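Using the sequences provided together with the hints, build the complete structure.
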Amino acid sequence: MSWLLILLPLLGSFVIIVSPGRLAKQLALVTSLVVLGVSVAAAFVFDGWGRGTWELTSSVEWVKEWGLVLQVGADSVSLILVLLTTFLMPLAILGSFNAIKSRTKEYYGWLLGLQAAMTGVFLAQDLVLFYVCFEFTLVPMFFIIAIWGSKNRAHASVKFLIYTFTGSLITLAGFLTLAWSYAQANGGDWSFEISALTNHAVSALSLHEQAWLLLALLIGFGVKVPLFPVHTWLPLAHTEAPTAGSVVLAGVLLKLGTYGLYRFVLPMCPEAVVEWAPFVAILSIIGILYAALICWVQTDVKKLIAYSSVSHLGFCVLGLFALNPMGVEGSILYMINHGLSTGALFFLIGMMYERYHTRDMGELGGLARTMPIWATFMVFFVLASVGLPGLNGFVSEFLCLIATFTAGGSGAYPGVLGPWYAAIAALGMVLAAMYLLIMVGKVVFGPTKATLRHDEQSGLPVDLTVREITVLVPLAVGCIVLGIQPDLIIDNTATAVADTLAVYQDIFEESMPGAAAFVDTSLPGGAR
Amino acid sequence: MIDVTLQLARIVQAMPPVPASEVLHVSGQWWIGFILWCPLISLVLCGLCAACRVKSKLPAWITVFSLAISFVLTLLLAFMDTPPERVELFKWINVHWDGGSFVANFAFYIDSLTILWMSFVTGLGALIALYASEYMEPDVGRGYARFFAGISAFLFAMICLVMGDNLLMLYLGWEGVGFASYWLIGYYYQKPEAVAAAKKAFIVNRIGDLGLALAIYLIWSTFGTIQYNELITVLDAGTYLPVYENWSVQAIPYLLMLAAFGKSAQLPLYVWLPDAMEGPTPVSALIHAATMVTAGVYLIARMYPFFLLAPESLHVVAWVGGLTALLAATIGMAQYDIKRIFAYSTISQLGYMFLGLGVLTTYGAAYHVFTHAFFKAVLFLTCGAIMHGFAGQLDLRKISGLRRMKGWRIVSWTMFIGCLCLAGFPLTSGYFSKDAILAEAFVSQGPGFEVLGWMAIFTAFLTAYYTFRVWCRVCAGEVRCEPGDEHHGDDHDAGTHGGEFHPHAPRFAINIVLLLIAAGALLAAVPYFMGNEVEHVAGGWVADMVHDSTAAEGVPGHPEHPASALHGAEAHHGSILGMDPHVAMYWISACVGGLGLLLAFWLHLWRRQDADRLRSWLLSRFWTRWLPVAMENKWYVDEVYHAFIRAPLWLFGHIFYAIDRYIIDGLFVDGTARLPRLLARCFQPLQNGMLQSYAVTMAGGAVLIALLMLLMLQFFTGGAVS
Amino acid sequence: MTFQIASEFTQVSLAHFIIFSALLFVVGLVGFFTRRNLIVMFLCTELMFQAALVAFVAFGRYWFNYSGQVFVIFILTVAAAEAALALALVVLLHRRRGSLNADDWKELHEG
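Sequence order for the protein chains is Z, E and F.
Sequential numbering of the first sequence, starting at 1411, is according to our numbering.
Sequential numbering of the second sequence, starting at 1107, is according to our numbering.
Sequential numbering of the third sequence, starting at 34, is according to our numbering.
Source of the hints: derived by calculation from the structure; they are not laboratory data.
All clues given are correct.
To give an idea of the chain F side of the interface with chain E (calculated C-beta under 7 Å), a few residues: (1) Phe65; (2) Phe66; (3) Ala135; (4) Lys139.
These figures come from a predicted structure and were not determined experimentally.
We put the beta carbon where it would ideally sit given N, CA and C, even for glycine.
See the structure below:
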């Protein structure tokens, strides 16, 4: 089933390339819907909900002597991210029906290829498959930006490719060193299995070696997330990419970075993480505030949302490095929630752009009068993004921050962050309200600008079509459902998260005697 | 420290079984949930109406009906007179891990404080929705459904806020009412001022929300729970824990205070409330006068045990409240827009409530909230009726003699009742509730509380003056009116027929609601004389209600704890001018109120020219000129905020953006990318495209390699080549 | 490693072949460098090829190892195929520009 999830989109992509171009979009939609069906079926078959085990596993031997065995499988966290991918993809395809008019065959082919690669990343259980898929996501995205992007697309696509590729090369170096060290310890038997390497890294590497591994992984995944100060590819790529490209980029591709942090960095180099978590947390906090202030002065709506991604993902990383269950749960929720709400915002901006051919806040205004349905959705998703309680964004943001707050360094909730980290990061909440509402105030509300002309040639009515509403409604439903029933994700991933964090419990117990980890209550920093 | 931790932990862990059976009985009353679900259903239905473009008053009737059901259910709940109880609706956020958990569910915590608040929230909500059904008439088929959906959303959030069983539920309501207020202030979204005001309200509130969020983090990380019943059990456990001295417990009330000041428009976060008057008037009445803005008072009353752990925080609350009351009253004196005057008076009255909380009379604060909800709703609703009838005219210099106009009698006399209550005229509801606070300022002991008390009395004088300034100008005097230039609403055709202006008088719905709420405002004095089951607490029914709740002044019984000492001060009755403060206050505030009233009648009814003369006299003197100017310009607080907060942040935004583009991206990223390119430039001349030069290079290279090999061979073999 | 050079010029030794091959190669090389005509340049590369072939044959004979001869056959075949291709290319190029001058074709230059 796991292989099916990876290979089906690939197959679909080939079928699209060989079949006539006018069928491309229908074929792509059908393929992605079938894949969605398969993934939902997989979710029902899946036995690992709430159990933390790896299910749906399967392996293919490639070159056995070199330890090259391709293995796939899913635990609850991966499967949830796969579901996010398969859920967003049909919407992304449906959303580009009108926007993409040239070279449709290639476009949908690349999109499905991208889906295959992203699914592969989440399902890979060995480093080779993981890395191949991780890198392969760049290729379709490169072409999607370079061919169907807007004005500055050539520069953006090249920068995106080279920047993230350079980052992940360093990660590859880290992985290879780890595998080499494993082979050394096991008498020359190579293995790239993630679990084997994780065990090896935890048990055999010294703190010094772990720190280097941490650095190598952090560079690659940090570029992808993106963490301050390696974020500058993102606004450019987002602004230039076509709508569906931005949606997938924000919705799933960025999550490859945080998923990498969760899957590799946290389990593989725990001691180094404990040592360096404050550093990473400070980078994320800088990112949160810095990007939020930059958002404030943007005039291009799409760029504003792009920078807001940098700010939002800062919370996600902060939650991970709080190193306690609430933070990691919050972070996983954040990955999903950001995918839904920011993805939807990119869709909305795309829909507006198709009609007015501008994204400049100075030229837009009063769209609530002309496009009430669009405006309703816009305000809704902005609020989800701002973190209005009852919608999805709030739960994850709250969990990340409270986890950071309580990770006070001593006492009952061990960790290396503390109240100050959370207090400063929480300023990001205020700033988010500020820049997003200013944007809404300028674009959605206010007097309707007389200069704003709806493009008749776009073939679209003034307000949203049924197709466009169909794209947005599932996302809105997702926002509400996850807002009031986050347990759907929290309960099901709790054990997996606890297993990942078990190693930290040991470390904290060792380094802070008297503090029974995650057991009873105390004051943050009280015993210092 | 560790043992403190363990001690606390033990209490928290040992907590649920014992008290849950005693204090808490989990109700099986299935219908309680419908208090919350009714507005939600109404929200959904109104949303559907908006989507289907319903062109009738259907949304209004849906809303009024469902809010009325909520109100009836609330009354039912009140008459059941149950002990504090929890009602679980469904699970919300639950994170469990090995030995710990974070639990925040959709659940109600119902005690008498909840019921007190709920009674006027749902009651006034239903009545004001009824009023709005007529007021918003011009928008039927356009924003009508959107408006009532907003009202329903507001009630839903407010009920979550008041009835929630944990702090996160409160937070949900807290932000929810903020959002509903954003929605409704920005109702006329084509007006830039309305949009700006809505944005400002949400953002300023967000600053307060930040405080609430941090307080929640702190409470959870200290006590391991955010559910009221568990928290109260810990705090009422009767043991004073040394851990309470810790900064993390001491900081909690200050953070909660920030939240309360944001929502209830106190210094320094009050600036959003006057601007919020851009919204339709029923919204101002419901949200920005009667209910939402009192959420801050509710929060502090609900979390009162935490404040008692850090008594200094209550002094801050008292002083902020007192200063806000005075400042807002001075601004209110100098405004000309009726609605804004009442907005400032709301801020001022909220200041009284905080003063009450600060001087240890939660009862006085709660009672003032209760009475204020009624009389301020009346005042705003009469304002709305005037605005409705005079095409948006709100300038008190341009309307006069309303009570002699046809069809306006109910409006002017209900306004008179509202004004009497607000001014604290003897035997009206406002008189009793305000006295309860003022007297306590002299009873309680705190830094400068006596000064604060006199300041509050002076403010009461100002209140009486500016209130009747409005009434005398608008309702009394010669009959005269000018229509406003804008039509309330976007662009409906107001009553200008053929060049001559005819104000259209309010009809049935508005009049009946005005009468009902005015009656409520008068009857709000009755609870003062009824009930009083609890001994030694004066003040009737409201005092009973407060006494049964978390706001009762219960303190962990540690003898050395400062809060206990403070609490004990209640036994020591202070005095004012050698009399018992409670008795003295009846006379003093009656005199003060009467004086203010007379002054207003003199300057604004009998000899209106004297008011202008006074103003020009003040303006002509160098030493006094600043007073009216500063008051009319609201003490320049907005400008100060703009210059010291907004502008620097905005500047930082630009600086960061420049750094991002030119330094991080330009210098580091592109600079790094440029290095290999520079290197390549060095060898570029070789790439000249000429076939033969390539060949020469190749040959040269081959020769070089051969030479190198020869050299190396010689080097390694010691020259033994031949 | 050393190899014998005949003391008298009575016998054709390996050295003669090597020297001949080297001369042939140099002639081809210099021709390639100096001439501009594409066909002549191509012929010069052929000359260099032949120089290598001579060396192959000579060494093969010297070591009594016939892979040298085998290589010659190989290379001759490849050279023939290559000649056909190269001449076809040259003809195409001539059609494009009407000239056989190598300097007319320098699209690959940078900057």
